[in-house]
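From these two lone chains plus the hints, build me the complex, please.
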Amino acid sequence: DTAVSQTPKYLVTQMGNDKSIKCEQNLGHDTMYWYKQDSKKFLKIMFSYNNKELIINETVPNRFSPKSPDKAHLNLHINSLELGDSAVYFCASSLNQGVGEAFFGQGTRLTVV
Amino acid sequence: GENVEQHPSTLSVQEGDSAVIKCTYSDSASNYFPWYKQELGKRPQLIIDIRSNVGEKKDQRIAVTLNKTAKHFSLHITETQPEDSAVYFCAASKGNTPLVFGKGTRLSVIA
Numbered sequence: 029d030t031a032v033s034q035t036p037k038y039l040v041t042q043m044g045n046d047k048s049i050k051c052e053q054n055l056g057h058d059t060m061y062w063y064k065q066d067s068k069k070f071l072k073i074m075f076s077y078n079n080k081e082l083i084i085n086e087t088v089p090n091r092f093s094p095k096s097p098d099k100a101h102l103n104l105h106i107n108s109l110e111l112g113d114s115a116v117y118f119c120a121s122s123l124n125q126g127v128g129e130a131f132f133g134q135g136t137r138l139t140v141v
Numbered sequence: 060g061e062n063v064e065q066h067p068s069t070l071s072v073q074e075g076d077s078a079v080i081k082c083t084y085s086d087s088a089s090n091y092f093p094w095y096k097q098e099l100g101k102r103p104q105l106i107i108d109i110r111s112n113v114g115e116k117k118d119q120r121i122a123v124t125l126n127k128t129a130k131h132f133s134l135h136i137t138e139t140q141p142e143d144s145a146v147y148f149c150a151a152s153k154g155n156t157p158l159v160f161g162k163g164t165r166l167s168v169i170a
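As they're listed, the protein sequences go chains A and B.
Under this note's numbering, residues 29 to 141 are what the first sequence spells out, in order.
Under this note's numbering, residues 60 to 170 are what the second sequence spells out, in order.
Incorrect hints may appear among the rest.
[To be verified] Partial selection, computed: residues in chain A whose CB lies under 8 Å from chain B:
{"hint": "1", "residue": "Ser-67"}
{"hint": "2", "residue": "Lys-69"}
{"hint": "3", "residue": "Leu-71"}
{"hint": "4", "residue": "Ile-73"}
{"hint": "5", "residue": "Ser-76"}
{"hint": "6", "residue": "Phe-92"}
{"hint": "7", "residue": "Ala-130"}
{"hint": "8", "residue": "Phe-132"}
[Said to hold, decoys possible] Just the calculated beta-carbon pair ranges, DEER-fashion:
{"hint": "9", "chain 1": "B", "residue 1": "Leu-99", "chain 2": "A", "residue 2": "Asn-54", "range": "25 to 31 Å"}
{"hint": "10", "chain 1": "B", "residue 1": "Pro-141", "chain 2": "A", "residue 2": "Ser-108", "range": "41 to 47 Å"}
{"hint": "11", "chain 1": "B", "residue 1": "Thr-128", "chain 2": "A", "residue 2": "Asn-45", "range": "47 to 53 Å"}
{"hint": "12", "chain 1": "B", "residue 1": "Ala-88", "chain 2": "A", "residue 2": "Leu-111", "range": "34 to 40 Å"}
{"hint": "13", "chain 1": "A", "residue 1": "Leu-123", "chain 2": "B", "residue 2": "His-131", "range": "24 to 30 Å"}
{"hint": "14", "chain 1": "B", "residue 1": "His-131", "chain 2": "A", "residue 2": "Asn-124", "range": "22 to 28 Å"}
{"hint": "15", "chain 1": "A", "residue 1": "Asn-107", "chain 2": "B", "residue 2": "Glu-138", "range": "26 to 32 Å"}
{"hint": "16", "chain 1": "B", "residue 1": "Leu-105", "chain 2": "A", "residue 2": "Thr-139", "range": "26 to 32 Å"}
{"hint": "17", "chain 1": "B", "residue 1": "Glu-98", "chain 2": "A", "residue 2": "Ser-48", "range": "24 to 30 Å"}
{"hint": "18", "chain 1": "B", "residue 1": "Ser-87", "chain 2": "A", "residue 2": "Asp-66", "range": "25 to 31 Å"}
Hint data in this document are derived by calculation from the structure and do not stem from the laboratory.
From a predicted model like this one, the values you see are computed outputs, not experimental measurements.
Every residue, glycine too, gets a C-beta built ideally from N, C-alpha and C.
Same shape as in the complex, but just chain B (with noise of 0.2 Å):
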């Protein structure tokens, strides 16, 4: 079945700068891959998602970029705030089976 490699564990950046998590991923059926926010105590919720047929996507701050061939895929925030503090999970489905998680990366914002 689908391995979801993620890296960082943790990371810790000062307030205004850029925050970068890469995942791996084992299965080149996977087409889906979505990203999630779990702030302390509370559920996971989509941040952003990207397909196989496309390379880049961004909204706003955030931007998750995919590279098929090498089977990684990275979600970058710029301008970090300490409202981004949070534990990230980068998720990876070849649409017909659940989502197979990363083991996730605690991120911290110091201000």
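Pulled out of the complex, with its shape left as it was, chain A reads as follows (with noise of 0.2 Å):
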């Protein structure tokens, strides 16, 4: 009964190639989140997702995509990965867009080799 759940948890992958990532949240929040968590810890802002719609899409290359097919869910889509693109990235929802607190998954740690 996790509440944010995202998968895979490691994803080593070669440049060049696509990846996606998933996430669930069964919380019944309204909002979801990806942040990228780099070497140095940053917690950086990717997207967010308010029913459905993206409402903020922060300075992030358009390999990234997130796609949500329900308020449950938002995937996160990566073409062309890049070794720049090794990080952990953290899916998070809350009750609404930046309201109360926000729930994070495991995070997914991902290595472009």
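Right, dumping it as structure tokens:
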């Protein structure tokens, strides 16, 4: 009964490949997010989805595309992976945009070789 | 957009001492200020939060203070224990935007 779950936990892939990370929340929240945590531990917002609509798209390369089939899911697709994409990616959700606690998934450690 | 600065980046304290982490924010419209703790290899988890209509909030050994005029807020941990060792993040939001995080403080509690 994990609140926010994302898969896979680890992902090792070669440069140029396309990969996806899945995220699901069972909290009934309206807003979901993707954050990137780099090697220096900085948590940076990538995307925010509210009721299946993209609210904010930060300065993220268009190789990254969020896809939300329904309110409970927000998947992250990455095309043409680069070495600099290596990081831990966290999915999160909150009741509403920026209101109240954000619950994080366990993270996906992406390594591009 | 919002910018959150956090200091110090690393902090070492002796077990039993207090630890203080400070953050400043840039957007005066921000009204929600949570603190997250991230243990090694784990997800960030909320430990305490405060809203702009409150100046101070306490939960056992943890307290947060907010100065809206100066646009800064602080986390205070008293009687630190080894299990308090982690990376702590402050964040700010104005209710219609995602949380913007500070760069984190790595706290080490030395037994």
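Status of each hint after checking the structure:
The beta carbon of A/Ser-67 is not positioned within 8 Å of any beta carbon in chain B (closest approach about 12 Å), and the interface hint is therefore violated. With a cut of 8 Å, the hint placing A/Lys-69 at the interface with chain B holds, because the nearest CB-to-CB distance is about 5 Å. Here the hint on A/Leu-71 is kept, as its CB sits about 4 Å from the closest CB of chain B, short of 8 Å. For A/Ile-73, the suggested interface contact is upheld, since its CB lies about 5 Å from the closest CB of chain B, less than 8 Å.
Checking A/Ser-76 against chain B by beta carbon gives a least distance of about 5 Å; that is within 8 Å, so the hint holds. Interface restraint check for A/Phe-92: the shortest CB-CB distance to chain B comes to about 16 Å, outside 8 Å, so the restraint is violated. About 6 Å separates the beta-carbon of A/Ala-130 from the nearest beta-carbon of chain B, less than 8 Å, and the hint is met. With its C-beta approaching chain B no nearer than about 4 Å, A/Phe-132 sits inside the 8 Å limit, and its interface hint holds.
Here the CB-CB span from B/Leu-99 to A/Asn-54 is close to 26 Å, well matched to the stated 25 to 31 Å. With their beta carbons about 44 Å apart, B/Pro-141 and A/Ser-108 fall inside the hinted range of 41 to 47 Å. In this structure, B/Thr-128 and A/Asn-45 meet the distance hint of 47 to 53 Å, their C-beta atoms being roughly 51 Å apart. For B/Ala-88 and A/Leu-111, the hinted distance range of 34 to 40 Å is satisfied, since their beta carbons lie about 38 Å from each other.
Restraint check, A/Leu-123 to B/His-131: a C-beta distance of roughly 26 Å satisfies the suggested window 24 to 30 Å. Look at B/His-131 against A/Asn-124: about 26 Å separates their beta carbons, and that is inside 22 to 28 Å. The beta-carbon spacing between A/Asn-107 and B/Glu-138, approximately 50 Å, falls outside the hinted interval of 26 to 32 Å. Checked against the hint of 26 to 32 Å, the C-beta distance between B/Leu-105 and A/Thr-139 comes to roughly 28 Å, which is consistent with it.
For B/Glu-98 and A/Ser-48, the Cβ-Cβ distance of about 27 Å falls inside the hinted range of 24 to 30 Å, so the restraint holds. Distance hint check for B/Ser-87 and A/Asp-66: the Cβ-Cβ separation is about 29 Å, which falls inside the suggested range of 25 to 31 Å.
In this structure, the earlier hints numbered 1, 6 and 15 are contradicted, and the remaining ones agree with it.
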